[in-house]
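S.K.: Residues per chain, in single letters:
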Amino acid sequence: MNQTKNLIDENGRRTDGRNPDELRQIKITVGVVKNADGSAFIEFGRNKIIAAVYGPREVHPKHMALPDRCILRCRYHMSPFSTDTRKNPAPSRREVEISKVMRESLEPALILEDYPRAAIDLFVEVLQADGGSRCAGITAASIALADAGINMRDIVSACAAGKIDNKIVLDINDTEDKEGGADMPVAYMPHLEQVTLLQLDGILTPEQFNECLDKAIGGCNMVYEIQRQALMQKYFGNETELKEEQ
Amino acid sequence: MSSSKRSTIIVEHLRKQQMWDAISKGKRLDGRNLNETRSIEIEQDIIKKANGSAKVKLGNSEVVAGVKVETGEPFEGLENKGALILSAEVLPTASPYSEPGPPDEETIELARVVDRGIRESYMIDLDKLVLVPGKIVYTIFVDCSVINTDGNLFDATSYAVVSALVSSKLPVFEIQDGKVVDTGNKQDPPITTIPISITAVRIGDVVILDPTAEEEACMDARITITTNSNGHYTALQKGSTGAFTVEQIKKAADIARIKGEEIRNKLKELPKTG
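Protein chains in written order, with numbering that gives the first Met the number 0: chain W, 0 to 245; chain Y, 0 to 273.
Isolated chain W (complex conformation) (with noise of 0.2 Å):
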């Protein structure tokens, strides 16, 4: 694509004022959908997005119930009002594939033999997307799975980097998303040091290809660091900070 006008401006300041390197400011909570066996809100830029999770629990329709282990189930959904058009709230193909790599991201980490014959259901919700919202949605899924207390091997935490401006970045938004010249959104399990969710448009040569996952995963980690943090300040509250601090 042809860019049309600078991504990156004289100061090396991005069209939101962050660094080459820098994330979007990401606030994740805990607990926050009464019902749901666990959830997590999480804001990734201006991402607004709800992930809720019920199970281990019965399959309906029983006859997909698998005997060794349990099936996961996601939806990722776009709220008509999230985009700048109203989107059209029945499923479209992009939501279908989103979330069929949703899926696919969160199943490595998750022990499923754990829970034979039963469901994990999974449901994930965009109230606003500012781009990057299949990883801000993997990142809150991941947090609400846990806090489901599904027994894992590993949080899986995502992010994007991306090339604007034939300069490799981290953390694509909306605007350099539809501007620049590649968008690659990575899923990662920090201990486990896999990569569970990877997928690019745009072009790139060999050597800003190995960059750019390089620093997608440093995304990641950093990411990590963000969840961990909101789970502990659910489950361990203010006590945290003090043990810390010791």
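Every clue listed holds true.
Derived SDA-like pairs: lysine to any residue, alpha-carbon spacing no greater than 20 Å straight-line:
1. W/K177 <-> Y/I84
2. W/K61 <-> Y/M0
3. Y/K249 <-> W/D213
4. W/K166 <-> W/R12
5. W/K33 <-> W/Y234
6. Y/K80 <-> W/E178
7. Y/K250 <-> W/N209
8. Y/K250 <-> W/L191
9. Y/K47 <-> Y/N184
10. W/K86 <-> Y/L77
11. W/K166 <-> W/P19
12. Y/K265 <-> Y/E42
13. W/K86 <-> Y/M0
14. Y/K258 <-> Y/H231
15. Y/K249 <-> W/P189
16. Y/K249 <-> W/P205
17. W/K86 <-> W/E124
18. Y/K250 <-> W/D213
19. Y/K249 <-> W/E210
20. W/K177 <-> Y/F74
Simulated from the structure, these hints should not be mistaken for lab results.
Quick caveat, the model's predicted, so the values are computed rather than measured.
Go by the hints and put chain Y onto chain W.
M.R.: Positioned in the frame of chain W, the structure of chain Y alone reads:
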């Protein structure tokens, strides 16, 4: 809603064991090496009613792609670009497990990943397909039908789309008295690059290229990597419920660039048709 239950072929435990044994020795059940792709047969221009077409056989996976060109309104936000619309369907003929009906999520993913490979590489220069800026543009439909499945539909479909577009002749439309008229002349499509996708899957700790259906049934994770004529990466998609290490991804990316170039050369050697 996306669910982890899938209807794929079932591979017997003995057969799986054979596959793992073979792979650990660097061989595959069909005799291929780990980084060897299956033979590719391409027939272009097989559908005369279409503006371009191709049938691709990748091993036993078989896909037909057809190009149809019309005029229409541009997409919102892309007022000065032609429209490219790609669809894919796994026909009920394709396997005992495919049924007629609306596309399931795997088919939607297939169409979207193939579309991403073509679109993000700017294979077709859509800027050159505008008749009245903001109002009337060329609309290129590429529809793919999977006739038989034996794994790696991503690459088979992608090669079919690329071959069909390369073989296509677009009608020349003109505006006369405010109406769109087909002049009856033909033009070559504005092709800028040849994107080639390479799919690799991980079985245990081993990464193999171009999986068969049997290998896909045993895979832990899948990755599809598309490169353009310059050897730059233009699209990626990790699939399936497993994960990759960073080293595995970087190695697969390198192999995809080299293999992609081999297959690109094979496509270029096709006899010119039309």
